[in-house]
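Novice: One-letter residues, chain by chain:
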Amino acid sequence: MRRMASESRRSQMLRGVLDLCLLAVVVDEPAYGYEMTRRLRERGLSTVGEGSIYPLLGRLEREGLVATHRAASDGGPPRKYYSASSSGRRALTEGVRAWRHVRGEVDSVLATIEAEVGE
Amino acid sequence: MSAFVEECRKEWRRLGVPDLLAEEMATDLEADLAEAEADGVSATEMLGESDPRRFAATWASERGLVSEPAPQKKRRRRFWPWILAAFLFIVIVLSWLALQTFGSSGARSAPPAQVTPVAVTHAPSHRVVVPDLVGERRPAALASARAAGLAAEVRIGTAGTVVRQQPAPGTSLRRGSTIRLFVARR
Numbered sequence: 001m002r003r004m005a006s007e008s009r010r011s012q013m014l015r016g017v018l019d020l021c022l023l024a025v026v027v028d029e030p031a032y033g034y035e036m037t038r039r040l041r042e043r044g045l046s047t048v049g050e051g052s053i054y055p056l057l058g059r060l061e062r063e064g065l066v067a068t069h070r071a072a073s074d075g076g077p078p079r080k081y082y083s084a085s086s087s088g089r090r091a092l093t094e095g096v097r098a099w100r101h102v103r104g105e106v107d108s109v110l111a112t113i114e115a116e117v118g119e
Numbered sequence: 001m002s003a004f005v006e007e008c009r010k011e012w013r014r015l016g017v018p019d020l021l022a023e024e025m026a027t028d029l030e031a032d033l034a035e036a037e038a039d040g041v042s043a044t045e046m047l048g049e050s051d052p053r054r055f056a057a058t059w060a061s062e063r064g065l066v067s068e069p070a071p072q073k074k075r076r077r078r079f080w081p082w083i084l085a086a087f088l089f090i091v092i093v094l095s096w097l098a099l100q101t102f103g104s105s106g107a108r109s110a111p112p113a114q115v116t117p118v119a120v121t122h123a124p125s126h127r128v129v130v131p132d133l134v135g136e137r138r139p140a141a142l143a144s145a146r147a148a149g150l151a152a153e154v155r156i157g158t159a160g161t162v163v164r165q166q167p168a169p170g171t172s173l174r175r176g177s178t179i180r181l182f183v184a185r186r
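Sequences listed follow chains A and B, in order. Those letters in the first sequence? Residues 1 to 119, by my numbering. Those letters in the second sequence? Residues 1 to 186, by my numbering.
Please note that the accuracy of each hint is not assured.
[Claimed, not checked] The calculated lysine to aspartate or glutamate pairs, modelled on EDC-like cross-linking and capped at a C-alpha distance of 16 Å, are:
(1) A:80 <-> B:24
(2) A:80 <-> A:29
(3) A:80 <-> B:30
(4) B:10 <-> B:23
(5) A:80 <-> B:23
(6) A:80 <-> B:35
(7) A:80 <-> A:61
(8) B:10 <-> B:24
(9) A:80 <-> A:35
(10) B:10 <-> B:39
(11) B:10 <-> B:30
It should be emphasised that the hints constitute simulated quantities derived from the structure, not laboratory data.
Pulled out of the complex, with its shape left as it was, chain B reads as follows (with noise of 0.2 Å):
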């Protein structure tokens, strides 16, 4: 048995060609490249190819004895998967980037006359809505204006109730803004 021949069958081993076909093509091979030898003609030269591994698994590959597909073919399929990935990734970080866009910019487009209580509760949090103060004695007033999430400034007198406040209740402003109240002297 000559080391090119048995080298074809390691390699037709390794790729999974049944026994009894890679017995079969061993054994024909054998017996040709004996007979080109007396012919005068050397197995590289008969075969046009040198290297036995690659011999073998191409003609196994071209009598369909092999599952395993041509090299080329198993790189495309390698890469499929990967492009896929990276495709859905853009797909949902572009609509994620989308529906951020169109949800600050609808919130910043309302306009602050129709914010109402309903629509309060559905604001980011980081927008608070002013609350009607008009009526409330100073304290209590400066007291819902902190749990609403706003500071205020007092103006004119230092005790009394609140007869004015700046903006109107309902505004929607951003969590931490200062409002004004103004309140009557005693």
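Just chain A, same shape as in the assembly (with noise of 0.2 Å):
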């Protein structure tokens, strides 16, 4: 029970927050669907909660946040790739900004409260 509260919350606090992590992992270099997943776990974040990066990557499209083209992979077949935009970037940075900012707010207020971290 109290699991699934703890995951619920990850899901809800990584919602406000997982589109910049998608747009960070292609602003150097595209990559494909999986690849992406691959990236993120490879930096730290193994999964991503309820729902998946796709949705969010339709939706990152649909803003005009991420660039798409098809092209082959290797030694699989071709693969629809998303890089960060223009507007991705400039989206990225000022996202960054935020949640920083709200970072260090919330530190601030939770710094007095000890607490073991885990995984």
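Make the complex out of the two chains shown on their own, each in a separate frame, by following the hints.
Specialist: Structural data, given as structure tokens:
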């Protein structure tokens, strides 16, 4: 029960910043869907919680924050590659600024609370 | 083609996603899931979702490929006409009631002395105006009273002409009311 509650909190917190994470992994080099999942995992975000990256990618595409193109993958079928567009880069910079601001505020409120961070 | 992707295709077809785009999404998803599986990641883990129809619908909707709005919006849209209809109905009923109250109270508050024959034609049919019967012979006076929708009670003589009447001519009375006629003895 408590595990479910903490899962849900994690999902909710991620929901506000997952689009930034996706933009962050394609800002330097384009990637196709699963490749983005892999990059997130390599950087320490193993699961994205409830829902998946696909609907979010769909929204980013619709809003013009990512550009897409189709290209052959290494030894696989042609894939749809995503990369951050110029407005996507701007959104990323603004989003990261907002995230750090909020994170700082929340941290300063919660700083006095002792808690162990475990995996 | 995995069962999950096949279910997604069906859902996209049902939602009217253009074939070309649905095909593209299905192909990409299929390739991604195969690659994830090779890494030891299950489809449910990778997608955070075990219901293909819900997954497919959310994806298509977020991409803006579905003309149908999200379920919540749809429900709200369905509610509006009913709220509007109920509101209009209440307004109509209230204004009808207001008219009724205003109309009948106006008629009731009008003093009897001011009721003129002109006003009579506009008065509600359940009220009648007492005719002037003075000077008329008894049978004619009784007939006139009946024609006006009134009953008459004759005082004193049984024949002759009406010398006085109660209430006065021009008074508004409820239909079927009784007026008194004073008839002179012959």
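Novice: Which numbered hints turn out to be false for this structure?
Specialist: The structure breaks only hint 10.
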